[in-house]
Amino acid sequence: MEVIIPDTNMAAIMPQIILTIGACVVLLLSVFAHSTRKYLGYLSALTCIAALANTFMIWDINQTVFAGMITINAYSNAFNMIILISATLITLVTHDAVDDHKVGEFFSIVLISTLGMMIMASSQNLLVIFLGLEILSIGLYVLIGMNRARIHSLEAALKYFLLGAFASGFFLYGISLTYGTTGSFDLVKISRYLQANNMLGDPLMLSALAMLLIGFGFKVALVPFHMWSPDVYQGAPAPITGFIATAPKAAAFAAFARVFVEAFAPLHIDWSTILYWICIITMITGNLLALIQTDIKRMLAFSSIAHAGYIIMAILAGPKLADSNPGLSANSIVFYVMVYSLMNLTAFSIIYIFESREGRNLKVENFAGFGAKYPMLSVGMTIAMLSLAGIPLTGGFIAKLQIFSAAIDAGYVGLTIVAVITALISVYYYLNVLVKMYFSEPEEPLEDVEVSKATSLALMLSSAGIIVLGVLPSLMMKLM
Amino acid sequence: METVMSYFMLNPAFYIFAGLAVILAIFMITMPNPVYSAIFLVLTFFCISVIYITLEAEFIAAIQVLVYTGAIMVLFLFVIMLLNLGRDADLVEHSGPMKYISIIVAFAILIQIGLAAKVTVNIGEKGMFPIEKIREIGNTEAIAGLLFSDYLYPFEIASILLLLGMIGAIIISKKRSE
Amino acid sequence: MVPLSHYLIFTAILFTLGVIGVLTRRNAIVVFMSIELMLNSVNLSMVTFARFLNSMDGQIAVFLVMTVAAAEVAVGLALIVAIYRKKETINIDEMHIMQG
Chain A
1 MEVIIPDTNM
11 AAIMPQIILT
21 IGACVVLLLS
31 VFAHSTRKYL
41 GYLSALTCIA
51 ALANTFMIWD
61 INQTVFAGMI
71 TINAYSNAFN
81 MIILISATLI
91 TLVTHDAVDD
101 HKVGEFFSIV
111 LISTLGMMIM
121 ASSQNLLVIF
131 LGLEILSIGL
141 YVLIGMNRAR
151 IHSLEAALKY
161 FLLGAFASGF
171 FLYGISLTYG
181 TTGSFDLVKI
191 SRYLQANNML
201 GDPLMLSALA
211 MLLIGFGFKV
221 ALVPFHMWSP
231 DVYQGAPAPI
241 TGFIATAPKA
251 AAFAAFARVF
261 VEAFAPLHID
271 WSTILYWICI
281 ITMITGNLLA
291 LIQTDIKRML
301 AFSSIAHAGY
311 IIMAILAGPK
321 LADSNPGLSA
331 NSIVFYVMVY
341 SLMNLTAFSI
351 IYIFESREGR
361 NLKVENFAGF
371 GAKYPMLSVG
381 MTIAMLSLAG
391 IPLTGGFIAK
401 LQIFSAAIDA
411 GYVGLTIVAV
421 ITALISVYYY
431 LNVLVKMYFS
441 EPEEPLEDVE
451 VSKATSLALM
461 LSSAGIIVLG
471 VLPSLMMKLM
Chain B
481 METVMSYFML
491 NPAFYIFAGL
501 AVILAIFMIT
511 MPNPVYSAIF
521 LVLTFFCISV
531 IYITLEAEFI
541 AAIQVLVYTG
551 AIMVLFLFVI
561 MLLNLGRDAD
571 LVEHSGPMKY
581 ISIIVAFAIL
591 IQIGLAAKVT
601 VNIGEKGMFP
611 IEKIREIGNT
621 EAIAGLLFSD
631 YLYPFEIASI
641 LLLLGMIGAI
651 IISKKRSE
Chain C
659 MVPLSHYLIF
669 TAILFTLGVI
679 GVLTRRNAIV
689 VFMSIELMLN
699 SVNLSMVTFA
709 RFLNSMDGQI
719 AVFLVMTVAA
729 AEVAVGLALI
739 VAIYRKKETI
749 NIDEMHIMQG
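Chains as they are written, first to last, in the numbering used here: chain A, 1 to 480; chain B, 481 to 658; chain C, 659 to 758.
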């Protein structure tokens with residue numbers, strides 16, 4: 001049997017190669033050059049920036065390489081960009097947050113799970129999507145559980161691990177059944193097969209769709225597969241929470257949209273009904289439960305569940321818009337995920353700064369008096385909260401607007417009405433944080449808090465990004 | 481009865497070992513002591529390995545024994561022994577009404593897939609490896625050929641995954657040296 | 659040749675047993691073993707499909723899934739050991755960071 005090496009275009013996977021090399025270098029430096037340990041955070045940030053620059057260089061090449069395993073086009077690169085920006089900001093914020101003897105492992109795992117996310121976002125093959133998913137998940141289990149002194153972190157890690165592995169089992173069964181009914185793992189071939197053969201209502205295909213929905217639903221935390229997320233957000237150290245809340249979701253949504261909007265578009269009737277109801281329950285449950293939370297990280301966890309519901313609207317609309325306005329759904333998902341990542345990163349980084357000073361989890365009421373005491377940080381928090389609430393002039397507003405208009409174009413008027421109502425409810429709990437910050441007196445005098453230069457740079461960049469995307473959304477649209 | 485027998489005669493090994501695997505798996509999830517559970521799981525994996533052979537997937541059958549029973553389950557047994565989990569206090573498990581709900585949910589899944597498998601006539605596009613061809617070139621060689629050509633990329637990715645697993649296991653479980 | 663549906667029903671039964679194990683057991687290690695049982699049943703279904711589809715992809719998939727399972731087991735068991743050292747229990751009902 002002869003072995004034919006497939007088309008191996010290394011340039012197309014250069015960002016991934018850079019991350020892999022960066023991860024190995026960081027790991028080796030921490031072992032053999034102890035004096036460099038202080039700078040490993042910066043080195044990781046530089047690695048991410050290099051990969052980001054490389055992503056821009058190959059932005060439009062539109063190639064499928066490695067026998068259909070990886071596709072590099074503007075869509076996958078847009079998600080890669082979001083993932084790399086999140087990773088850069090997180091490495092900047094956490095550069096001094098880790099104990100000295102674990103710093104090498106910490107940053108190399110951050111880089112490797114970023115790599116897993118990029119694989120997931122740019123893959124064309126269900127098997128490779130699964131591998132990317134596992135790389136990012138295992139990386140996150142370790143990052144959450146790494147701080148063994150905190151029993152909460154370990155418990156959160158175990159909980160995330162068991163539920164994550166459970167969901168992976170379902171996801172894998174879905175992949176297997178898809179393979180059985182279509183004969184391939186390759187999304188392009190699957191799509192071709194589904195267009196050529198009418199598989200609507202095929203029982204095995206239905207099971208496959210249900211299993212894949214459970215797998216993806218777990219990863220992006222849709223109700224009723226969301227149980228892990230508040231506990232994990234609360235138990236994990238805050239900067240890691242910021243990471244979990246943003247980049248992996250970007251990767252999961254990229255794969256979710258690619259699988260369902262592109263490959264399974266002919267089966268839209270089959271999966272849209274169930275996803276429609278999941279979407280409604282997710283928006284309502286997420287926002288209502290966020291209302292009653294006192295812990296700020298739990299509140300943001302439920303808020304991000306609700307945001308996942310909004311993004312699902314664009315996925316639902318995708319196949320219906322394929323003829324009239326093909327780019328609209330994908331563009332609105334990319335834009336929403338971008339803004340969502342920036343605002344959550346800002347919020348969680350600021351929470352992390354306060355938490356590391358207090359040494360405990362923060363409640364919403366603990367924010368009393370912060371506005372006067374820490375004006376700069378409060379401005380960042382204000383921008384993040386306003387954007388999460390979807391107030392005009394912030395990125396969050398434009399993002400919601402695009403999603404809603406895509407949904408209305410696709411004929412989902414009822415869904416959009418539910419979304420608008422829940423978005424209005426959400427304004428209450430976001431503004432509640434701001435009210436506490438600016439209009440309440442602290443119970444005890446507040447101490448000073450020190451913010452390193454790298455962290456404040458990261459915060460400034462991300463909050464500026466939210467505003468820029470809100471005022472000049474065309475900047476982002478041009479990329480697509 | 482006739483049809484049952486005729487099915488059975490098609491490939492007795494499949495029906496015997498499939499039945500055995502199901503019984504062993506039931507023991508595995510019901511044993512209170514995790515050591516017994518692990519042993520029953522090892523036996524289940526052996527049965528599955530035999531079923532791989534009935535499907536003429538010899539390579540997979542071999543690595544099933546090597547990796548699952550030889551490495552993964554040994555690791556499980558090591559941890560169970562290390563933590564000394566056989567004590568009575570550890571064996572008590574309380575699970576309330578959730579138990580029955582979850583069993584119902586699980587059976588719903590089973591019925592769904594079972595019915596799907598029963599009525600399904602569609603099976604996807606045929607590939608390029610009919611069983612005669614695999615017999616001719618050999619199962620292991622066919623896998624190797626694909627692994628280093630079409631599946632080169634996932635193969636490389638898998639190595640990164642193993643590196644990650646290694647770093648992760650060490651950093652979480654090592655005792656603090658300082 | 660044994661019909662495809664018999665293989666599929668067998669894998670579905672194993673998968674369901676795994677799911678029941680995960681949902682009813684409280685011992686983290688047994689839960690984890692049940693997850694391994696689920697993965698095994700999926701592997702079996704992949705090989706079955708590969709045989710009936712005249713394709714080799716399913717077997718490659720099993721190879722990769724085993725790699726994933728190995729990495730996952732290493733990290734998962736390390737977590738379980740770390741928790742046991744701290745709490746002297748691995749009963750998942752005793753993990754309550756969770757209020758509200």
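The hints are simulated quantities; they were obtained by calculation from the structure and are not laboratory data.
Be careful, since some hints might not be right.
DSSO-like cross-link-like pairs, simulated, lysine-lysine; straight-line CA separation at most 27 Å [claimed, not checked]:
hint, chain 1, residue 1, chain 2, residue 2
1, B, 654, A, 102
2, C, 744, B, 654
3, A, 38, C, 745
So, going through the hints one by one against the coordinates:
1. 654/B with 102/A: Holds: residue 654/B and residue 102/A sit about 11 Å apart, inside 27 Å.
2. 744/C with 654/B: Roughly 13 Å between the alpha carbons, so the hint for residue 744/C and residue 654/B holds.
3. 38/A with 745/C: violated, 33 Å
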